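Colleague: Modelling step: build the complete structure from the supplied sequences, incorporating the hints.
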Amino acid sequence: MIQKLYSKNNDPEVLQHIVDILNDGGIIIYPTDTMYAMGCHALKERPIERICKLKNIDPRKNNLSIICYDLSNISEYARVSNATFKLMKRNLPGPFTFVLNADSRLPKIFRNRKEVGIRVPDNNIIREICHLLDAPILTTTLPLRPGEDIEYVTDPELIDEKFGEEVDLVIDGGIGGIEPSTVINCCEDVPEIIRQGKGILEE
Numbered sequence: 001m002i003q004k005l006y007s008k009n010n011d012p013e014v015l016q017h018i019v020d021i022l023n024d025g026g027i028i029i030y031p032t033d034t035m036y037a038m039g040c041h042a043l044k045e046r047p048i049e050r051i052c053k054l055k056n057i058d059p060r061k062n063n064l065s066i067i068c069y070d071l072s073n074i075s076e077y078a079r080v081s082n083a084t085f086k087l088m089k090r091n092l093p094g095p096f097t098f099v100l101n102a103d104s105r106l107p108k109i110f111r112n113r114k115e116v117g118i119r120v121p122d123n124n125i126i127r128e129i130c131h132l133l134d135a136p137i138l139t140t141t142l143p144l145r146p147g148e149d150i151e152y153v154t155d156p157e158l159i160d161e162k163f164g165e166e167v168d169l170v171i172d173g174g175i176g177g178i179e180p181s182t183v184i185n186c187c188e189d190v191p192e193i194i195r196q197g198k199g200i201l202e203e
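Last residue of the sequence shown? That's 203 in our numbering, and every number before it is there in order.
Derived by calculation from the structure, the hints in this document are not laboratory data.
Since the structure is predicted, the reported quantities are computational estimates derived from the model, not experimental observations.
Treat the hints with care, since some could be wrong.
Stated by the list, open to error - Listed next, the in silico SDA-like pairs over lysine to any residue satisfying Cα-Cα at most 25 Å (straight line):
no.: 1; residue 1: Lys53; residue 2: Glu165
no.: 2; residue 1: Lys8; residue 2: Leu132
no.: 3; residue 1: Lys44; residue 2: Glu188
no.: 4; residue 1: Lys162; residue 2: Tyr69
no.: 5; residue 1: Lys198; residue 2: Asp168
no.: 6; residue 1: Lys162; residue 2: Asn9
no.: 7; residue 1: Lys108; residue 2: Lys198
no.: 8; residue 1: Lys61; residue 2: Glu151
no.: 9; residue 1: Lys108; residue 2: Pro146
no.: 10; residue 1: Lys55; residue 2: Pro146
no.: 11; residue 1: Lys53; residue 2: Glu188
no.: 12; residue 1: Lys198; residue 2: Tyr69
no.: 13; residue 1: Lys108; residue 2: Asn124
no.: 14; residue 1: Lys8; residue 2: Leu92
no.: 15; residue 1: Lys4; residue 2: Thr140
no.: 16; residue 1: Lys4; residue 2: Leu87
no.: 17; residue 1: Lys8; residue 2: Gly26
no.: 18; residue 1: Lys198; residue 2: Leu87
no.: 19; residue 1: Lys55; residue 2: Glu188
no.: 20; residue 1: Lys114; residue 2: Lys4
no.: 21; residue 1: Lys55; residue 2: Asn73
no.: 22; residue 1: Lys4; residue 2: Glu188
no.: 23; residue 1: Lys114; residue 2: Cys187
no.: 24; residue 1: Lys4; residue 2: Lys61
Modeller: Structure (structure tokens):
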């Protein structure tokens, strides 16, 4: 199923339906400020396991990331120093993933890695959903096989054609980007850029 959404003035009933899907353990595909992504309620273990199977990733070896509406309750899900918090505040919302030491409130599937990526995308659609959900959303990029047409992860109609049977909803927020987020490891004292993507870090 595909649902068109806009950066503002969306129907509250449509938004609530999406929140209900997430609360019921569903998986959705949505736009971010970088690429289209796949996600679910980050505090529910079963849909996280479904996504890991879909992407053929092992949560014990791969970092998992969550989207938060803002940084106000970040300390519930990750341990963050004052310096890192200031760095995040300067750069978020934006196309960055900050890797932090995970907190115990996250499901045990995260604790296998002891780290969690934090995203606050500069995209009103997914942030509004996250705000209404009142919980973080697990997020991961769409899988693209080598040689596969990039349009299958940028065009909502083609995304629905490719993944529609495997997820509960595809949100059409327009054509998506092709650059991933910039990833900054903040688990040690000095932040380190481990993948340069779309975001240029303001230090």
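Colleague: Now, for every hint given, state plainly whether the structure supports it.
Modeller: Tested hints:
With a CA separation close to 14 Å, the supplied pair Lys53 and Glu165 stays within the 25 Å bound. At most 25 Å may separate the alpha-carbon atoms for a hinted pair to count; Lys8 and Leu132 meet this at roughly 14 Å. At roughly 28 Å between alpha-carbon atoms, Lys44 and Glu188 are farther apart than 25 Å, so this suggested pair is violated. With a C-alpha separation of about 28 Å, the suggested pairing of Lys162 with Tyr69 is violated against the 25 Å cut-off.
For the suggested pair Lys198 and Asp168, the alpha carbons sit about 28 Å apart, so the restraint of at most 25 Å is broken. Proposed proximity of Lys162 and Asn9 is contradicted: the alpha carbons are some 28 Å apart, above 25 Å. The hinted pair formed by Lys108 and Lys198 fails the criterion: a straight-line CA distance of about 31 Å is larger than 25 Å. Taken as a hint, the Lys61 and Glu151 pair is broken in the structure, with Cα atoms around 28 Å apart against an allowance of 25 Å.
Restraint check for Lys108 and Pro146: not satisfied, since their Cα atoms lie roughly 32 Å apart, outside the 25 Å limit. For the proposed pair Lys55 and Pro146, the alpha carbon gap of about 14 Å is at most 25 Å, so the pair holds. Between Lys53 and Glu188 the alpha-carbon distance is near 30 Å, which puts this suggested pair outside the 25 Å criterion. With a C-alpha separation of about 20 Å, the suggested pair Lys198 and Tyr69 falls inside the 25 Å cut-off, and the hint holds.
For the given pair, Lys108 sits about 29 Å from Asn124 by alpha-carbon distance, which is inconsistent with the 25 Å threshold. As the CA atoms of Lys8 and Leu92 are separated by approximately 19 Å, the hinted pair is consistent with the 25 Å bound. Under the criterion of a C-alpha separation no larger than 25 Å, the hint pairing Lys4 with Thr140 is consistent with the structure, at around 21 Å. For the hint pairing Lys4 with Leu87, the CA-to-CA distance comes to about 34 Å; that exceeds 25 Å, so the pair is violated.
Restraint check for Lys8 and Gly26: satisfied, since their Cα atoms lie roughly 24 Å apart, inside the 25 Å limit. For a cut-off of 25 Å, the pair hint linking Lys198 to Leu87 stands: about 17 Å separates their Cα positions. Of the supplied pair hints, the one linking Lys55 and Glu188 is violated, its CA atoms being roughly 29 Å apart against a limit of 25 Å. Only pairs whose Cα atoms come within 25 Å are accepted, and Lys114 paired with Lys4 is rejected, the gap being roughly 36 Å.
Straight-line distance between C-alpha atoms of Lys55 and Asn73 comes to about 28 Å, which puts the hinted pair past the 25 Å bound. This hinted pair does not check out: Lys4 and Glu188 have alpha carbons roughly 41 Å apart, beyond 25 Å. Proposed proximity of Lys114 and Cys187 is supported: the alpha carbons are some 10 Å apart, at most 25 Å. The suggested pairing of Lys4 with Lys61 is violated, with an alpha-carbon distance near 35 Å, which exceeds 25 Å.
Violated hints, listed in ascending order, are 3, 4, 5, 6, 7, 8, 9, 11, 13, 16, 19, 20, 21, 22 and 24; each of the other numbered hints is respected by the structure.
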